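A.B. asks: Each chain is listed here by its residues.
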Amino acid sequence: MSKVKEGLFYAKSHEWVEYTDDIVAIGLSDYAQEELGDVVFVNLPEIGEKISVGEAFCDVESVKAVSDIISPVAGEVVEINDELADNPEMLNKDCYSSWICKMGKITAEGNLMDAKTYEKFLAEQK
Amino acid sequence: MQLIFEKSREGISQSILPVCDVAKYQFAPQLQRQTAPRLPQVSENELSRHYSQLARRSFGVNSGFYPLGSCTMKYNPKIDEEMAALSGFTAIHPLQPPRTVQGCMQVLELTGKLLCEICGMDDMTFQPSAGAHGEFTGMMMIKAYHRLRGDLGRTKIIVPDSAHGTNPASAAMNGFSIVNVPSAADGCVDIEALKSVLGDDVAGLMLTNPNTMGLFDKNILQITRLVHDAGGLNYYDGANLNAIMGVVRPGDMGFDLIHLNLHKTFATPHGGGGPGSGPVGCKKFLADFLPAPVLYHTCCALDFAAPPQSIGKVRAFWGNFLVIVKALTYLLTLGGEGVKQAAQNAVLNANYFKSLLEDDYDLAVPGICMHEFVLSLERLKKETGVTALDIAKGLLDCGVHPPTIYFPLIVHEALMIEPTETESPETMDEAAVCFKKLYKLAYKDPASLHNSPQTTPIRRPDEVAAARNLRLRYRF
Amino acid sequence: MGNYLDATAADQKKMLDQIGVSSIDQLYSMVPEQLLVDKLVLPEGLSELEVRAAIEELAAKNLIFKNIFRGAGSYDHYIPAIVSQVTAKEEFVTAYTPYQAEISQGILQAIFEYQTMICELTGMDVANASAYDGASAAAEAAAMCRDKKRRCVCIAATCHPDTIETLKTYCFAADCELTIIPATDGLTDAAALSAVGEDTACLIVQQPNFYGLIEDASSLAEIIHQKGGKFVISCNPIALGILATPAEVGADIAVGEGQPLGMPLSFGGPYLGFMACKTSFARSLPGRIVGETTDANGNRAFVLTLQAREQHIKREKAASSICSNQALCALTAAVYLSAMGSGGLREAAEQSAAKAHYLAAQLCAIEGFNLVYGGEFFNEFAATTPVAADILLLKLEKEGILGGYPLDYHTILWCATEKNSKYDIDHLIAVIKKAVSRCS
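Chains as they are written, first to last, in this note's numbering: chain W, 852 to 977; chain L, 4 to 479; chain R, 33 to 472.
If you're looking for bench data, these hints aren't it; they were derived computationally from the structure. One thing to keep in mind: the hints can contain errors.
To give an idea of the interface, some chain R residues facing chain L are shown, with a C-beta separation under 8 Å as derived from the structure [said to hold, decoys possible]:
no., residue
1, Gly105
2, Glu123
3, Gln132
4, Ser136
5, His257
6, Asn357
Just so it is clear, the structure is predicted and the values come from calculations on it, not from any experiment. Glycine is no exception: its CB is placed at the ideal position from the N, C-alpha and C atoms.
Model the full structure from these sequences, guided by the hints.
C.D. replies: So this is what it looks like as structure tokens:
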């Protein structure tokens, strides 16, 4: 059973979102990292990139698959998690503290679920 | 095993070139490289043994049964190799005057004529160096065709979800967006889904027939007509031509252009990943778009010229010429009757091998297949935990090259099997025994399959480590 | 007549019974009947003896030249005997792409060794397992450099005409602009390069260039880098035995035609496109790449790696559709380089340069023959001819000599390699002298 962390918000494409003041951190849910398998590379976005809701703005590679990260919000990339460039396995080991990037200047957000709703959503996926 | 660099010893060299008989030319220091390349210093004996050792750690069609689906690993005749090694071909400079290369030009012309007859096409280029290169070329011809007619809104290429990855990739290299159409439950193109995506924005359709499920699409005439009615062109991916050559022609099915894989259907060897050859054939109305140059007849000889609307060159010179010599040798050996027999026996063998396996393994689609068939190990995985990968690795211990795995993408835990026509029933009987043995083993001792192979030069490699910590060259 | 089936009529009957059908035709029951062809217009099959005669007859229609002084993208270097022996091994010839690493260690290791040698030659960090040929490798390199903002590709006018033509074609496909940077005195015009726009993705330069001249690559590198573009060098691998490496002159990507590394002329193919780059570009390289890892027992193992770049995973998002490459040609290059060693490669390069300079000196001592350009050259040079190029070349042909490549009516691009002995060159000069005196 995949872990779902309380307090975060989730997209149907399995990204999680954490709000801190006006900054939004984005990562991959436990379900997503399990599906993907061993992550070998994270193709990070560039700081300053402007992203719209639903845009595939970076991707994550395992040995046999590539998975797009779909932005749950519209805004600008203000910080990227450089550590993932050298240690992509962090996404497998601790997906909820391994944010991929942080976005600011948020202008819109897509449909997000709270932890309870996402859990229910996952159950329906099976 | 040691790398050639680890066998290198300072001071060892081979005596290959004579002493220079003219004055040495001295380049200014800033034009010269600062350090010498660290190439191996080995004796001829050491070098010969090194590669013999590497050969022993490789597996070719000559080593054993190689039912790698979609790759048509048939026997590669020896005479083809000898003919391609004739000095009358190998010693010919590509930029010799046409008058001095009439033999080479006749090879291209004759091979083109024979292949056009087999495909139902009117003209052909041999420039593309492999199947994907042919797709890239064909897609560009479609682009140029619509452009010339001022039909600029055709930006989409339709590709079935069972297609090879090269299809969407080659179309995308030409700036097309890809529309995937799903397969129906019977494995064929879903006609209603196709109708729903057809319109004046469609440039064309890419299709293999038989498709990657090993099925001949019974609706093929309707499919190609629908695309034509919408103003699109039909592109035939010749990857699976081995099932039908001499029996049915893509040109008669309604296809406008086609690429062939000489290194599959026409018995030229794969060489561990190339060189291949991916000639593109087309109907007359597209011939003006073929890559430059094409052959034409002067009063008394052959010469090269660029077709009026040519897309240009897709590589230097004229193509992987020696591969074409091999294919021609094969075609002349088989003749019309042999070509047909090859296809018929490829289909016979596939159906025979399928009949030996279908009691144990589940077919992705039941019924008669063409030259290949697809098994789904989804149930086996659910019941035993043994995956398609495990069965593939188990086969390695049996001396059988595994089938293609996890393709087509629409079948879960897929094993895609293509025996080809050059295998005997005995070979398939023996292989079937292995498949059945592994099936039983999956239930009895799944762990042993997870741990296979045991008898190969290496055990399962750590692919995750390879991709995380890149070591792409030897570190001195 | 001939076929390679391994089943008797009785076998076929047994197989049909097992399948549960009565004839092979029944297996084609899904094919609409109107599509079935009755009989194709193809010749009757032939026995091996007959087919040999037929193909030998075709080969005999080509003229084999005893002495070759023509390069222009295809070079007649000496090929050590071991090269064809090793590359004819059936396990190499008849294998598919090494997807099953456990039984493909031989081919994977050979490619890994090849990648290392290409890195050593070019000074780069990473090489792929090969591309189709030098021209398409240059086109693939351009694709590596393009992104959303930088769409324009620049190529030097001094590149091989087929490379320029191939780039045009690939750029048409990708809907991006191709700018040809003109030349002055046979060398890429730095001033013209300085004028390119901010949307320039890269500059492609050939070294030595089509006219045999050595470009001032470091200066070109500086200019294109100032513009924010990448620098791609298409190099002659034999020249790299002595000349500055792409890395040393600031290239980001090195490509080239690998034919001089042990592949015969073969009327233009199969040849070998090699590609190498700095580590930062590794994930943009197209095609197969072999990496080292360990197996379940901790032993050294080789695998195809970085596969997530490739078409079978990325499909329409892959940067290139390349799948089959030129693996056996890459093996050929590796055996060639191992046989020659770094000393042998240097010798081949030095002798090629020495012979070309000797030839140039002898040729230009004849009245009416002059070097067209003043720059340093490697083993090719353009020279004028006082008699029409085609007439002169025809005279040479009658003596079994393939003269240089005619660039226009009165200019010929000459080439020499280590295979051209002093005796051969002197003979060539004598024939030319005779031809000139007869014509004037």
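A.B. asks: So, for every hint listed, does it hold in this structure?
C.D. replies: Hint-by-hint comparison with the structure:
For R/Gly105, the suggested interface contact is upheld, since its CB lies about 6 Å from the closest CB of chain L, less than 8 Å. With a least beta-carbon distance of about 4 Å to chain L, the hint placing R/Glu123 at the interface is held under the 8 Å criterion. For R/Gln132, the shortest C-beta to C-beta distance to chain L is roughly 6 Å, which falls under 8 Å, so the interface hint holds. Interface hint status for R/Ser136: upheld, as the beta-carbon distance to the closest one in chain L is roughly 6 Å, under 8 Å.
Checking R/His257 against chain L: minimum C-beta separation of about 19 Å lies over 8 Å; hint violated. With a least beta-carbon distance of about 5 Å to chain L, the hint placing R/Asn357 at the interface is held under the 8 Å criterion.
Going down the numbered hints, you'll see the structure goes against just number 5.
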